[in-house]
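S.K.: Generate coordinates for the entire structure from the input sequences, incorporating the hints supplied.
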Amino acid sequence: MQAGDKSQQSPNIEKATLRASERLKNVNKNEILLLLNQYGILPQFVREIMIDCAIAEIAIAEDEALGAYKKFYQQHQLNSEEDLQAWLKARGISREQLEYIATRGLKLAKFQEQTWGNKLESYFLGRKQKLDRVVYSLIRVKDPYLAQELYFRVQEGEQSFSEIAREYSEGPEAETGGLLGPVDLGVPHPALAKMLLRSKPGELLAPTRLGDWVVVVRLEKYLPAQLDEVMRQRLLSELFDQWVRTEGSSVIQEQLSPNTNELKQKGTGGEQETAVRK
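Numbering-wise, the UniProt record's numbering puts 190 at position 190 of the sequence shown, and it's gapless, one number per residue.
Hints listed in this document are in silico derivations from the structure and should not be mistaken for laboratory results. A portion of the hints provided could be inaccurate.
Simulated pairs of lysine-lysine, DSS-like, Cα-Cα distance not exceeding 30 Å [stated by the list, open to error]:
1. K200 with K128
2. K200 with K130
3. K130 with K71
4. K110 with K128
5. K221 with K194
6. K130 with K194
7. K142 with K194
M.R.: This is how it looks when you write it as structure tokens:
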């Protein structure tokens, strides 16, 4: 039996479907917010609303819009008018809504650039140390005496770092012969990041305890971060995400507050209702 075959559904499933339909008919605004919060999706819902509000006044040129539509159609394999109509019908949206969806990312990128573009260089410089990337080799074991022995083997050239890592390392890096990266310097354990920052490529570092592990590390490559276009987009998105988290949290607390939920009146309708009560 297929899940969508109503002719063979059990009474319990039919009841659940009817209850869900009735529940949706009767749910009010405050309940929706509480339910979204209960299901753990209110932050994402608020994020999407904040994006819509942020880009409301962002204008794009006609050729930019056409390019966004074309890209969207290609991504979703909408190669004909029939494909497009079927796609719209399946999702219950209009062509106007589709065009909004297709240009949303472009407008958001413009909003981010207009809002934080002139602050990006100083932000980059403040973050640069953690944005620099490293490639390094790592052996981790729990026995400090074994770590010392393995360190000497590599140092004396008795075995390669890769061979020893595959044989003895007790973490997932054993699968790659101990080789990790490239990764941002903000990714490894803070103490390990400091060790890598102070070392030179090819330098083998003596065994060091990091929590439950004793590690032997060798820096392979140091890759300084550059404020190129890819990095610009990454940092703009990062600043936007910080704004959304901070302001979105405030919006959620305000809307969920029992002291304000019933007092929230928005738009002309809310003003008229207030006037009637007076």
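S.K.: Each of the hints needs a verdict: does it hold here or not?
M.R.: Verification of the hints:
1. K200 with K128: Cα-Cα ~18 Å, so holds.
2. K200 with K130: OK: K200 and K130 at ~17 Å, within 30 Å.
3. K130 with K71: Violated. K130 to K71 sits at ~34 Å, over the 30 Å cutoff.
4. K110 with K128: Between K110 and K128 the Cα gap is close to 24 Å, so the pair holds against 30 Å.
5. K221 with K194: holds (15 Å)
6. K130 with K194: holds (10 Å)
7. K142 with K194: holds (21 Å)
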